[in-house]
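> Using my numbering, count along the sequence shown one by one with no gaps and you end on 127.
Any given hint could turn out to be false.
What follows is a list of derived Cβ distance ranges for each label pair [said to hold, decoys possible]: (1) Ile-54 - Met-122: 20 to 28 Å; (2) Gly-78 - Arg-124: 21 to 29 Å; (3) Gly-78 - Ala-23: 31 to 39 Å; (4) Val-98 - Arg-58: 21 to 29 Å; (5) Lys-93 - Arg-114: 34 to 42 Å; (6) Thr-4 - Pro-59: 18 to 26 Å.
Note that these hints are calculated values from the structure, not bench results. Glycine included, each C-beta is placed from N, C-alpha and C at the ideal position.
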Amino acid sequence: MGITTERDLADFLRDYPREMVAAENDPGEVLDRYFVRDFAWRTDDIVLDRQRVIDHARPARKNAAESDVEVHGALVDGDRFAAHTTMRTTMRKGGVLVTESQLFGRLGPDGRIRRIDQLNRMDRDGD
1 MGITTERDLA DFLRDYPREM VAAENDPGEV LDRYFVRDFA WRTDDIVLDR QRVIDHARPA
61 RKNAAESDVE VHGALVDGDR FAAHTTMRTT MRKGGVLVTE SQLFGRLGPD GRIRRIDQLN
121 RMDRDGD
């Protein structure tokens, strides 16, 4: 899947979290659909590479019952993109984690993601 339009970006932002927490999906295969192999994802000053994202999938699958992403805005201009989202994650042990994110990124020649710089604001139970 390559991102070339705002709709492609919005679809990725909604679909990717669901695919990563679904037990039947191999995290590496999900990443390969959306990201170049040597991508970098900087979130709140923590840099995640492919292996760190795969490692994060296991606890996410264990702790999250479901998640829904609202895309407030998405822009794509050539190999650059930006988005504003809110993800609401219902936790298996109760409660809801609400994460508002601003993302800025670069795409590879095939439209897969090369880099994301992401800033988050988190609230438990929507506080």
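> Could you run down the list of hints and mark each one as holding or not?
These are the hints, each one checked on the structure:
no.: 1; hint: Ile-54 - Met-122: 20 to 28 Å; in the structure: 22 Å, holds
no.: 2; hint: Gly-78 - Arg-124: 21 to 29 Å; in the structure: 38 Å, violated
no.: 3; hint: Gly-78 - Ala-23: 31 to 39 Å; in the structure: 36 Å, holds
no.: 4; hint: Val-98 - Arg-58: 21 to 29 Å; in the structure: 23 Å, holds
no.: 5; hint: Lys-93 - Arg-114: 34 to 42 Å; in the structure: 36 Å, holds
no.: 6; hint: Thr-4 - Pro-59: 18 to 26 Å; in the structure: 33 Å, violated
In terms of the numbered hints stated before, the structure departs from hints 2 and 6, listed from lowest to highest.
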